[in-house]
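Peer 1: Each chain is listed here by its residues.
Protein chains: 2
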Amino acid sequence: MKNTPSCNIGIVGATGAVGQELLKLIFARSFPFASLQLFASARSAGKTIGVAGQKFTVAEARPEIFENLDIAFFAVDGALTRSLAPHAVKAGCLVLDKSSAFRLQPDVPLVVPEINFHAVRQHKGIIASPNCSTAVAMMGLFPLHRAFGLKRYFVATYQSVSGTGVEAVAELDAQVRAYGRGEALTKQVYPYQIAFNVIPQVDTFNADGYTGEESKMMLESRKILELPALKVSATCVRVPVVRAHSAAINAEFERPVSVAAAHAAIAGFDGAQLVDDPAKTAYPTPLDFSEKEKCGVGRVRLDSALDNGLSLWVSGDNLWKGAALNSLQIAERMLQEGLIRPKTALAAST
Amino acid sequence: MKNTPSCNIGIVGATGAVGQELLKLIFARSFPFASLQLFASARSAGKTIGVAGQKFTVAEARPEIFENLDIAFFAVDGALTRSLAPHAVKAGCLVLDKSSAFRLQPDVPLVVPEINFHAVRQHKGIIASPNCSTAVAMMGLFPLHRAFGLKRYFVATYQSVSGTGVEAVAELDAQVRAYGRGEALTKQVYPYQIAFNVIPQVDTFNADGYTGEESKMMLESRKILELPALKVSATCVRVPVVRAHSAAINAEFERPVSVAAAHAAIAGFDGAQLVDDPAKTAYPTPLDFSEKEKCGVGRVRLDSALDNGLSLWVSGDNLWKGAALNSLQIAERMLQEGLIRPKTALAAST
Chain A
225 MKNTPSCNIG IVGATGAVGQ ELLKLIFARS FPFASLQLFA SARSAGKTIG
275 VAGQKFTVAE ARPEIFENLD IAFFAVDGAL TRSLAPHAVK AGCLVLDKSS
325 AFRLQPDVPL VVPEINFHAV RQHKGIIASP NCSTAVAMMG LFPLHRAFGL
375 KRYFVATYQS VSGTGVEAVA ELDAQVRAYG RGEALTKQVY PYQIAFNVIP
425 QVDTFNADGY TGEESKMMLE SRKILELPAL KVSATCVRVP VVRAHSAAIN
475 AEFERPVSVA AAHAAIAGFD GAQLVDDPAK TAYPTPLDFS EKEKCGVGRV
525 RLDSALDNGL SLWVSGDNLW KGAALNSLQI AERMLQEGLI RPKTALAAST
Chain B
225 MKNTPSCNIG IVGATGAVGQ ELLKLIFARS FPFASLQLFA SARSAGKTIG
275 VAGQKFTVAE ARPEIFENLD IAFFAVDGAL TRSLAPHAVK AGCLVLDKSS
325 AFRLQPDVPL VVPEINFHAV RQHKGIIASP NCSTAVAMMG LFPLHRAFGL
375 KRYFVATYQS VSGTGVEAVA ELDAQVRAYG RGEALTKQVY PYQIAFNVIP
425 QVDTFNADGY TGEESKMMLE SRKILELPAL KVSATCVRVP VVRAHSAAIN
475 AEFERPVSVA AAHAAIAGFD GAQLVDDPAK TAYPTPLDFS EKEKCGVGRV
525 RLDSALDNGL SLWVSGDNLW KGAALNSLQI AERMLQEGLI RPKTALAAST
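Those sequence lines, one after another, are chains A and B.
One rule links them: number in our numbering = place in the first sequence (from 1) + 224.
One rule links them: number in our numbering = place in the second sequence (from 1) + 224.
Keep in mind that the hints were calculated from the coordinates and are not lab data.
There's no promise every hint is true.
Since copy identity is lost for identical chains, a pair holds within one copy or between any two.
[Said to hold, decoys possible] In silico SDA-like pairs for lysine to any residue, Cα to Cα no more than 20 Å straight-line:
{"id": "1", "residue 1": "K375", "residue 2": "K455"}
{"id": "2", "residue 1": "K314", "residue 2": "E517"}
{"id": "3", "residue 1": "K504", "residue 2": "A488"}
{"id": "4", "residue 1": "K455", "residue 2": "D531"}
{"id": "5", "residue 1": "K411", "residue 2": "K504"}
{"id": "6", "residue 1": "K516", "residue 2": "G302"}
{"id": "7", "residue 1": "K375", "residue 2": "A394"}
{"id": "8", "residue 1": "K248", "residue 2": "E561"}
{"id": "9", "residue 1": "K375", "residue 2": "A269"}
{"id": "10", "residue 1": "K375", "residue 2": "Q417"}
{"id": "11", "residue 1": "K248", "residue 2": "A398"}
{"id": "12", "residue 1": "K411", "residue 2": "P256"}
{"id": "13", "residue 1": "K516", "residue 2": "T281"}
{"id": "14", "residue 1": "K411", "residue 2": "T388"}
{"id": "15", "residue 1": "K411", "residue 2": "V466"}
{"id": "16", "residue 1": "K504", "residue 2": "Y414"}
{"id": "17", "residue 1": "K375", "residue 2": "D531"}
{"id": "18", "residue 1": "K567", "residue 2": "H311"}
{"id": "19", "residue 1": "K411", "residue 2": "D512"}
{"id": "20", "residue 1": "K455", "residue 2": "G316"}
{"id": "21", "residue 1": "K279", "residue 2": "T410"}
{"id": "22", "residue 1": "K411", "residue 2": "K455"}
Remember, it's a predicted structure, so these values are computed and weren't measured experimentally.
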């Protein structure tokens, strides 16, 4: 019973890119639930969504929806999350949040289950999942950190448009189709055309010239790896890829490194799949790591500009490991370890 | 007369991506020539090419073509360059080469005119232009090097398919059009689909795990900047962009840096255009820097992981500054400074 409790679960933001993946994954992974409810903004309320032969009607995400829920997967923006999550916590519903709203709050664990699952035990009702590009980078860096002790890293990202949302996926699609028909390309979501272009801006700019996405990579890496002095410099770039983010990383370590030891560390890590055979033109690409649970790690080499340094390349699904899958994996493992007690079970035991 | 000599010039590789740009630029910039001849492989010989209302017939590039030429712009691969260039040198025809064949040879100047034009004076018949991604990166790094003294840099590139050649441009075009028609995407040029994907491989792999393109960035940077101990670590990545390469750079300097001083240095450098105003969403993109003489530099910020460090972003036309334009600029300035004497002038003076 401990391993298959019957929770009442909900998805807040079920019509968005991450919400849709949550829904698919809940069924694909046979996540154990007694009831599943879908919520979204008032605008999407009333829509029906079909999955696995069942139909669900989307209800408006309002403060009172959490009364009968055990777990709410939050997949909406920071503002809506900040307004709704406290109601969930008050109602005793665990919030598994993909937004940035609470990630850096000291009393909110920021968790990648393969890396710092232990942190969930400190939760006070909210557990956050990292930013999508941070999550993907972590899957390459953590096994190397465990082997050699991470001191500093430089990263340049190649981020897919699905990280922005369904409207950005539609924009790239529309631009590419317009090109094929010989028509003018129009834009609304991004400040520049994204088809046949790259845009060196993800998120808004901070005063220091870094973007929000770039500073998240630094701050979230420090929290997840429990390395408060970790030095990180990121450049986050949007590319005309539909799905899966990639990252080129130069990482500096405390201890001597070797490619063989790095390969062994990556291969021995649950969250990563080593794809690294230059002779066979084998390395990860975002297309190959779309809708994959693990992130691909390759191009591992001794860094030519760092002592104890490694260069590497990571590709991983921003909607899965970068969002929906990570939240779901947290819930799965918490259920397995008896860290979530459904309200019905609590009611029965009192 | 010194400023407008009448040279007999030729393009070796006139039907390729760089050759076509050379031809366009020669007319667009009114490059002073007495005669212009186009050469290519036997396969392309006999083709006619129209430009500026004139028609040119392409002849086969053979060892004897250089007898009456003063300047040969080489825009072919390394192997053909290695076999033909010595014949040009022997015939007293200056070779301006875009290939990698001779770039690192000690007696061949590797020149970006805005950076190290003085090096041309040492030429022994061949002057090389840098690799396209190196050239673009240099346009951002050189002004900063001049201001602060470059010690080390990390770079991740976003390279367009035209860097591979016209057949790669056609492949991206065909894949995108097939997508628009709902057909299967096929590939021949790249080992992976390039539409909606990125490929972390440019050139072949060395034993150390870096690619040829990546080691070129290190070795050519050292030669151009005359910094033999410069540390460079590059990751070179192909992206589904038709034209213009971009680079995310983390650079470490000898002396203290500031964004204001960096901006002043970039703005004061001939080869760069500063586009850096986050409040106005202003930064360079490859689309905006296609068919532009200058390379765009932006996203300049104090690097969060380096002492005396700056992060920056550069976009520049790989076919222009990265190849054709650079060769042409070398020739233009050499003619202006009287460093090329046409054979006809030499004959007249004897």
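Peer 1: First find the shortest C-alpha distance between K411 and T388 inside one copy, then the shortest across copies, and answer within, between, both or neither for a cut-off of 20 Å.
Peer 2: Within one copy only: 14 Å inside, 28 Å across.
Peer 1: State whether the alpha carbon distance between K314 and E517 is at most 20 Å within one copy, between copies, both, or neither.
Peer 2: neither (33 Å within a copy, 61 Å between copies)
Peer 1: Within a copy, between copies, both or neither: where do K375 and A394 come within 20 Å Cα-Cα?
Peer 2: neither (40 Å within a copy, 44 Å between copies)
Peer 1: Which holds for K504 with A488 at a C-alpha limit of 20 Å: within a copy, between copies, both or neither?
Peer 2: The answer is within: 19 Å in one copy meets 20 Å, while 46 Å across copies does not.
Peer 1: Treating 20 Å as the Cα threshold, decide for K567 and H311: within, between, both or neither.
Peer 2: Answer is within: at 16 Å inside a copy they meet the 20 Å cutoff, but 86 Å across does not.
Peer 1: Check K375 against A269 for me: Cα-Cα at most 20 Å, and say if that holds within a copy, between copies, both or neither.
Peer 2: neither (47 Å within a copy, 57 Å between copies)
Peer 1: Please sort K411 with P256 into within, between, both or neither, judging by C-alpha distance up to 20 Å.
Peer 2: Close neither inside one copy (42 Å) nor across copies (42 Å); limit 20 Å.
Peer 1: Could you place K411 and V466 in one of the four classes (within, between, both, neither) given a Cα distance threshold of 20 Å?
Peer 2: both (16 Å within a copy, 19 Å between copies)
Peer 1: Quick one: K248 to A398, C-alpha cut-off 20 Å, is that within a copy, between copies, both, or neither?
Peer 2: Intra 25 Å, inter 32 Å, cutoff 20 Å: neither.
Peer 1: Classify it for me, K455 with G316: is the Cα-Cα distance of at most 20 Å met within a copy, between copies, both or neither?
Peer 2: Classified as neither; 37 Å inside a copy, 55 Å across copies.
Peer 1: How do K375 and D531 come out at 20 Å by Cα distance, when the copy is not named: within, between, both, or neither?
Peer 2: both (11 Å within a copy, 14 Å between copies)
Peer 1: Between the shortest in-copy and the shortest cross-copy C-alpha distance, which are at most 20 Å for K375 and Q417: within, between, both, or neither?
Peer 2: Neither. Shortest intra-copy (37 Å) and inter-copy (35 Å) distances fail the 20 Å Cα cut-off.
In this structure, the hints that do not hold are numbers 2, 6, 7, 8, 9, 10, 11, 12, 13, 20, 21, 22, in rising order.
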